[in-house]
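S.K.: Here is how the chains run, residue by residue.
There are 2 protein chains.
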Amino acid sequence: MAASKCSRLNGELSRRFLASVDTVLFDCDGVLWRGDEAIPGAPDLINGLKRANKRVFFLTNNSTKTRSMYAEKLGRLGFKAEPEEVFGTAYCTAIYLRDIARLKGKVYLIGGRALSEEFGAAGIPHLGCGADHVTGTQKDWASVQGDSDVKAVVVGFDEHFSYMKLNRALQYLQDPSCLFIATNTDTRLPLEGGRAIPGTGCLVRAVETAAHRKAQVIGKPSSFLYDCVVKDCGLDPARTVMVGDRLDTDIQMGSTCGIRTLLTLTGFSSLEDAKSYQDSGALSMVPDYYVNSVADLLPALSEERQ
Amino acid sequence: MAASKCSRLNGELSRRFLASVDTVLFDCDGVLWRGDEAIPGAPDLINGLKRANKRVFFLTNNSTKTRSMYAEKLGRLGFKAEPEEVFGTAYCTAIYLRDIARLKGKVYLIGGRALSEEFGAAGIPHLGCGADHVTGTQKDWASVQGDSDVKAVVVGFDEHFSYMKLNRALQYLQDPSCLFIATNTDTRLPLEGGRAIPGTGCLVRAVETAAHRKAQVIGKPSSFLYDCVVKDCGLDPARTVMVGDRLDTDIQMGSTCGIRTLLTLTGFSSLEDAKSYQDSGALSMVPDYYVNSVADLLPALSEERQ
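Chains as they are written, first to last, in this note's numbering: chain L, 1 to 306; chain Z, 1 to 306.
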């Protein structure tokens with residue numbers, strides 16, 4: 001099994017692969033786009049898959065957009081997409097709190113507008129959005145008045161993250177019954193030109209370090225985004241593939257869920273990273289296949305349609 | 001050896017212990033005070049040790065005060081102390097950059113006024129102090145203009161810690177030749193009444209997670225504060241003891257430096273924590289002795305002086 005892993009997908013193998021697949025799950029950042037630039041050929045691939053009657057879903061750890069905002073960005077970059085095809089951590093965290101945790105109470109939210117909107121749509125009361133600058137002295141920080149209805153702390157991407165937010169999270173989390181949820185733990189957000197900015201994982205580690213607790217993580221490599229797709233839309237695992245640029249999130253999640261995995265080299269992880277996991281026996285982070293770019297599948301797709 | 005560790009220091013054992021010691025190294029937070037309240041009896045002990053011709057030094061991971069500010073606080077709470085007896089991480093980080101790293105360039109400092117003052121006194125140019133709120137978009141954050149003279153990032157306690165500071169640190173640390181120093185990694189700062197606020201360790205973990213690098217740590221359990229005492233003042237390790245409230249910092253440092261160690265139970269670690277380390281064989285974090293409070297040594301001290 002190990003020997004057949006991490007095969008380059010091209011030629012006849014690509015054609016057989018596409019014929020064996022009904023449902024394709026795509027990560028977004030580093031797979032379909034970098035920052036605000038589409039990966040060349042990626043829109044043609046997505047739109048072509050749909051014309052070939054494949055189902056396409058977008059599974060993203062990034063919590064800065066609602067389902068509608070993602071559909072709008074996908075459309076702007078040339079991808080045909082509907083909000084109901086998007087399973088991002090802003091939406092899925094709201095679903096988790098409403099349907100799985102059945103939260104009775106408010107959320108203290110370290111996060112941005114998209115999380116706030118998805119929480120609002122799911123009927124989850126929350127507070128904490130926007131700037132929260134420090135004032136006063138250490139003694140004041142330790143005795144900040146919390147809202148006694150807060151029963152969960154959620155950490156997502158928040159460009160207004162501050163010492164004061166970290167402190168409020170600690171004060172809430174000292175109650176062991178307070179839930180502690182992270183949208184995702186990606187360490188960096190890759191942008192155009194190889195640049196990067198700190199990801200949500202940095203904020204999660206800060207809060208975990210203060211609270212002496214580990215957060216429960218909604219995003220990949222957890223299977224929860226996949227579970228949401230299965231629940232809402234159904235799928236046949238034997239005819240489904242996860243396409244992503246990160247071995248420790250996208251590929252690991254695919255392995256956990258028992259579906260095939262495809263690494264694309266336009267984002268975070270390299271082929272050397274995959275070989276290194278293969279050599280060390282960490283096979284759940286080794287993809288079944290890899291391509292240099294998702295556009296590499298275009299020739300096989302156009303042949304399949306002829 | 002293990003069986004004789006973690007003995008309660010009282011009665012005759014206290015008297016023999018004090019007679020065997022010339023130099024006493026004290027941690028401060030949780031040992032001599034909590035927040036702005038002295039531990040009852042602690043000032044009498046420090047002042048009594050000095051009258052008995054013991055040398056006393058203060059070794060603190062807390063980077064929010066200069067040597068002078070610590071001497072002032074010690075004095076205000078009733079302790080006799082001179083700035084030259086204080087070896088805090090604000091001062092010792094400046095000494096490290098000047099004398100060990102021999103830094104040629106500027107420091108990007110995540111830290112407060114005390115670090116800035118000690119850096120200034122040591123002639124180390126630095127920038128970054130004060131509030132730094134986020135503006136613009138992700139693309140702007142990834143392309144923030146750095147100062148090309150910055151050759152080190154230092155992370156200490158900073159109540160103005162923000163996403164923008166985290167981002168600036170990441171942009172500097174992407175250059176592998178940029179030094180990465182942390183004053184300390186304490187996860188919480190204990191205050192009066194059992195309350196706590198997030199410690200420098202939370203900020204360090206956030207920056208480490210973004211940078212994909214580990215910081216070099218100046219504070220305990222590193223031996224650098226001890227090395228500074230030895231270099232400036234000299235001491236006989238066989239007649240020196242480290243007194244602290246944290247097993248993973250104070251007691252570990254004492255063990256590393258080959259001096260005796262005394263845990264006091266007025267702060268972070270409990271006797272159960274020490275027994276647990278003893279049972280698991282992590283003996284470098286098991287103290288030689290413990291007391292409920294440093295004030296427990298007062299009777300033996302007054303007898304010694306008679």
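Where hints are given, some of them may not hold.
[As the list claims (entries may be wrong)] Distance condition first, Cα-Cα at most 30 Å in a straight line; then the derived DSSO-like pairs of lysine-lysine:
no.: 1; chain 1: L; residue 1: K139; chain 2: Z; residue 2: K73
no.: 2; chain 1: Z; residue 1: K80; chain 2: L; residue 2: K139
no.: 3; chain 1: L; residue 1: K214; chain 2: Z; residue 2: K73
These aren't lab readings, by the way, just hints derived from the structure by calculation. Because the structure is a prediction, the values reported are computed rather than measured.
S.K.: Next, verify each hint and record whether it holds.
M.R.: Evaluated hints:
1. The suggested pairing of K139 (chain L) with K73 (chain Z) holds, with an alpha-carbon distance near 16 Å, which does not exceed 30 Å.
2. For the given pair, K80 (chain Z) sits about 25 Å from K139 (chain L) by alpha-carbon distance, which is consistent with the 30 Å threshold.
3. Taken as a hint, the K214 (chain L) and K73 (chain Z) pair is broken in the structure, with Cα atoms around 36 Å apart against an allowance of 30 Å.
Comparing the model with each numbered hint stated earlier shows that hint 3 is the single one that does not hold.
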